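Chains as they are written, first to last, in our numbering: chain F, 1 to 128; chain B, 1 to 161.
In short, the hints are calculated from the structure, not lab data.
Don't take every hint at face value.
Under the rule of at most 25 Å between Cα atoms (straight-line distance), these lysine to any residue pairs were calculated in the SDA-like manner [claimed, not checked]:
1) F:Lys30 x B:Ser27
2) F:Lys119 x B:Arg73
3) B:Lys152 x F:Val64
4) B:Lys97 x F:Asp116
5) B:Lys22 x F:Ser22
6) B:Lys159 x F:Glu69
7) B:Lys159 x F:Val33
8) F:Lys52 x B:His56
9) B:Lys152 x F:Thr14
10) B:Lys77 x F:Leu81
11) B:Lys159 x F:Ser60
12) B:Lys98 x F:Tyr120
13) F:Lys52 x B:Met24
14) F:Lys87 x B:Ile129
15) F:Lys52 x B:Lys22
16) B:Lys22 x F:Pro20
17) F:Lys52 x B:Lys113
18) F:Lys74 x B:Arg73
19) B:Lys159 x F:Glu56
20) B:Lys51 x F:Val109
21) F:Lys30 x B:Lys51
To give an idea of the chain B side of the interface with chain F (calculated C-beta under 7 Å), a few residues [to be verified]:
22) Lys51
23) Val75
24) Glu118
25) Ala121
Just so we're clear, the structure is a prediction, and the values are computed from it rather than from any experiment.
Here a beta-carbon is modelled for each residue, glycine too, at the ideal position from N, C-alpha and C.
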Amino acid sequence: VFDIKSFMTSDIITVKRENPISHAIEMLLKNDVTGLPVVDDDNKLVGIISEKDIMEIVFSSTAVFSKVEDYMTKEVVSFSLNDDFTKICECLIHNNFRRVPILKEGKLVGIISRSDIIKYLFEPIEYM
Amino acid sequence: MFANSSLVFNYSKYNLNDKVEKDMDVSSIMTKKVIAIDMDTQLLTICSIFKQKKFHHLLVMENNELLGVISDRDVLKAISPFIGTLAEQNRDLFTLKKRAHQIMSRKPLTISKETSMEEAASLMIRNNISCLPVISFDGQIEGILTWKDLVKVYAQLIKID
Numbered sequence: 001v002f003d004i005k006s007f008m009t010s011d012i013i014t015v016k017r018e019n020p021i022s023h024a025i026e027m028l029l030k031n032d033v034t035g036l037p038v039v040d041d042d043n044k045l046v047g048i049i050s051e052k053d054i055m056e057i058v059f060s061s062t063a064v065f066s067k068v069e070d071y072m073t074k075e076v077v078s079f080s081l082n083d084d085f086t087k088i089c090e091c092l093i094h095n096n097f098r099r100v101p102i103l104k105e106g107k108l109v110g111i112i113s114r115s116d117i118i119k120y121l122f123e124p125i126e127y128m
Numbered sequence: 001m002f003a004n005s006s007l008v009f010n011y012s013k014y015n016l017n018d019k020v021e022k023d024m025d026v027s028s029i030m031t032k033k034v035i036a037i038d039m040d041t042q043l044l045t046i047c048s049i050f051k052q053k054k055f056h057h058l059l060v061m062e063n064n065e066l067l068g069v070i071s072d073r074d075v076l077k078a079i080s081p082f083i084g085t086l087a088e089q090n091r092d093l094f095t096l097k098k099r100a101h102q103i104m105s106r107k108p109l110t111i112s113k114e115t116s117m118e119e120a121a122s123l124m125i126r127n128n129i130s131c132l133p134v135i136s137f138d139g140q141i142e143g144i145l146t147w148k149d150l151v152k153v154y155a156q157l158i159k160i161d
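Isolated chain B (complex conformation) (with noise of 0.2 Å):
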């Protein structure tokens, strides 16, 4: 269901003597490989990625269509009203049948490959937000950027290793 998601970063690309110019576009540095789940997906099934996998977002798709997203806080506020029996008996079914369209934040803020970094940086500050999906013209999910990408060039600028 899901691919193994690692973030390969180009290094090859840049000659890190040179300045690695943050007016450059975002395809280099984004994740290519994102998991997806479809709208029907069980909240147990969305918990259990989230726990084996270290990232805090997750790609609603439907046809290679970008339908929504779901962050750790939205699976948290699924559960929030259930929270109590759950410290109690850790574990609820009814609330473990929601699927993911019942869940997601729809109609996320996307961005094409041809974004730059900055203006990617400037996005996520703005709406703050950790994550970006990065579509083609024609829809098609192309990857994601999420912050550490970015951070992760800009410790390329700053020279740590």
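The following block holds chain F by itself, in its conformation from the complex (with noise of 0.2 Å):
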């Protein structure tokens, strides 16, 4: 059996959804991330702001006045801890997006990137 948990990454780092869109920039940048997950005070998920998200304003004058909810996408694909690994492997072939969030009871808990997965696959082999 495959734990999900032994390779997404726990150590998340967030944004609230009232945050100024120059916050949620600001943190893209600083951690070398592609993505965030917003989420509101009980740690619920309710969006993700990426680098798509942000690209779509990039160069605008009026969006740096608008919040994280303003352009965060809201419809989000999330997997439970106990979701087949190979199952997160299709999602994160056949879509666009480089993450996808791991809830426990509608609580964030971790995220899985296209990394972690080559990471984790290809961990053993330097030992081969």
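Both chains are given apart, each in its own frame, so use the hints to dock them into the complex.
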């Protein structure tokens, strides 16, 4: 049995929907990530703001004054800790997003990205 | 095989009190040192580069000519028929011997140094891609422009530290 916990990133940087968009940009650049989960005060997932969402407003002078919720993706594909590993891989292959959030009772507990999977699958090979 | 690639953002070129113009070309913000592999590089090597370096695309070149791009998604696709097996055994030698030319996306969209930042951003959005190789008129690779390079400029524009 495959334990999702063992390869997801559980140390997650999040933003809030009411944060200014500039804060999300700062967090994306500072942490060198391509997307940030948006959570409420109970750590419930309400959206994701990604590089793609930011690219939509890049060079816009008015968007500076907007909030994360104005540009985040609200309908997010997520998985739970008990989900099948293969299903997550398939999802990341067939969709354009680079990461999926992992939820436990609606609350965000982790993120799995394409690079997490590549890293995980090829980890033992170095010791061959 | 691959050079250390780091973006040196040329802040000195701009007076930040003035506006950085979005119609400026991409030459000063693109990453000039690119990491390239050749057509016969094995999947195992490609994976280990992706593991070491924090980026999502590799250029496939031969005789300094760009032939394709490999993304982290192409790598996942390549290993997908074996993911079930890999998940259990963590290895599949047949898959790992696949070569770059078998998994790369051919004829990637490219730009020139003279392309404006705004046009580059629009190309990325319209084509749903996050990087653009920068090519000279005679087909030589000059750099790579990523969404992050553009967002960094935007962050400067709106004065995020």
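Against the structure, the hints:
Between the alpha carbons of F:Lys30 and B:Ser27 the distance comes to roughly 23 Å, so the proposed pair stays at or under 25 Å and holds. Using a Cα cut-off of 25 Å, the hinted pair F:Lys119 and B:Arg73 holds, with the two alpha carbons roughly 13 Å apart. Of the pairs offered as hints, the one joining B:Lys152 and F:Val64 holds, with about 14 Å between alpha carbons and a cut-off of 25 Å not exceeded. A hinted pair counts as satisfied when its Cα atoms are at most 25 Å apart, and B:Lys97 with F:Asp116 qualifies at roughly 21 Å.
Taken as a hint, the B:Lys22 and F:Ser22 pair is honoured in the structure, with Cα atoms around 18 Å apart against an allowance of 25 Å. With a C-alpha separation of about 21 Å, the suggested pair B:Lys159 and F:Glu69 falls inside the 25 Å cut-off, and the hint holds. Using a Cα cut-off of 25 Å, the hinted pair B:Lys159 and F:Val33 holds, with the two alpha carbons roughly 20 Å apart. Distance check on the hinted pair: F:Lys52 and B:His56 sit about 14 Å apart at the alpha-carbon level, within 25 Å; holds.
Our distance criterion of 25 Å between C-alpha atoms is met by B:Lys152 and F:Thr14, whose separation comes to about 20 Å. Of the pairs offered as hints, the one joining B:Lys77 and F:Leu81 holds, with about 23 Å between alpha carbons and a cut-off of 25 Å not exceeded. Straight-line distance between C-alpha atoms of B:Lys159 and F:Ser60 comes to about 13 Å, which keeps the hinted pair within the 25 Å bound. For the proposed pair B:Lys98 and F:Tyr120, the alpha carbon gap of about 19 Å is at most 25 Å, so the pair holds.
As the CA atoms of F:Lys52 and B:Met24 are separated by approximately 22 Å, the hinted pair is consistent with the 25 Å bound. The hinted pair formed by F:Lys87 and B:Ile129 meets the criterion: a straight-line CA distance of about 24 Å does not exceed 25 Å. A distance of roughly 18 Å separates the Cα atoms of F:Lys52 and B:Lys22; the hinted pair therefore holds under the 25 Å criterion. Simply put, B:Lys22 and F:Pro20 have alpha-carbon atoms about 22 Å apart, close enough for the 25 Å limit, and the pair holds.
Pair hint F:Lys52 plus B:Lys113 holds up; C-alpha atoms about 23 Å apart against a cutoff of 25 Å. For the given pair, F:Lys74 sits about 23 Å from B:Arg73 by alpha-carbon distance, which is consistent with the 25 Å threshold. With a C-alpha separation of about 18 Å, the suggested pairing of B:Lys159 with F:Glu56 holds against the 25 Å cut-off. For the hint linking B:Lys51 to F:Val109, the alpha-carbon distance of about 23 Å falls within 25 Å, and the restraint holds.
Note on F:Lys30 and B:Lys51: the hinted pairing holds, with a Cα-Cα distance of about 20 Å set against a maximum of 25 Å. Interface restraint check: B:Lys51 against chain F, minimum CB-CB distance 5 Å, threshold 7 Å, status holds. The beta carbon of B:Val75 is positioned within 7 Å of a beta carbon in chain F (closest approach about 6 Å), and the interface hint is therefore held. Taking 7 Å as the C-beta contact cut-off toward chain F, the hint placing B:Glu118 at the interface holds, the least distance being around 6 Å.
Nearest Cβ of chain F to the Cβ of B:Ala121: about 5 Å, under the 7 Å cut. The hint holds.
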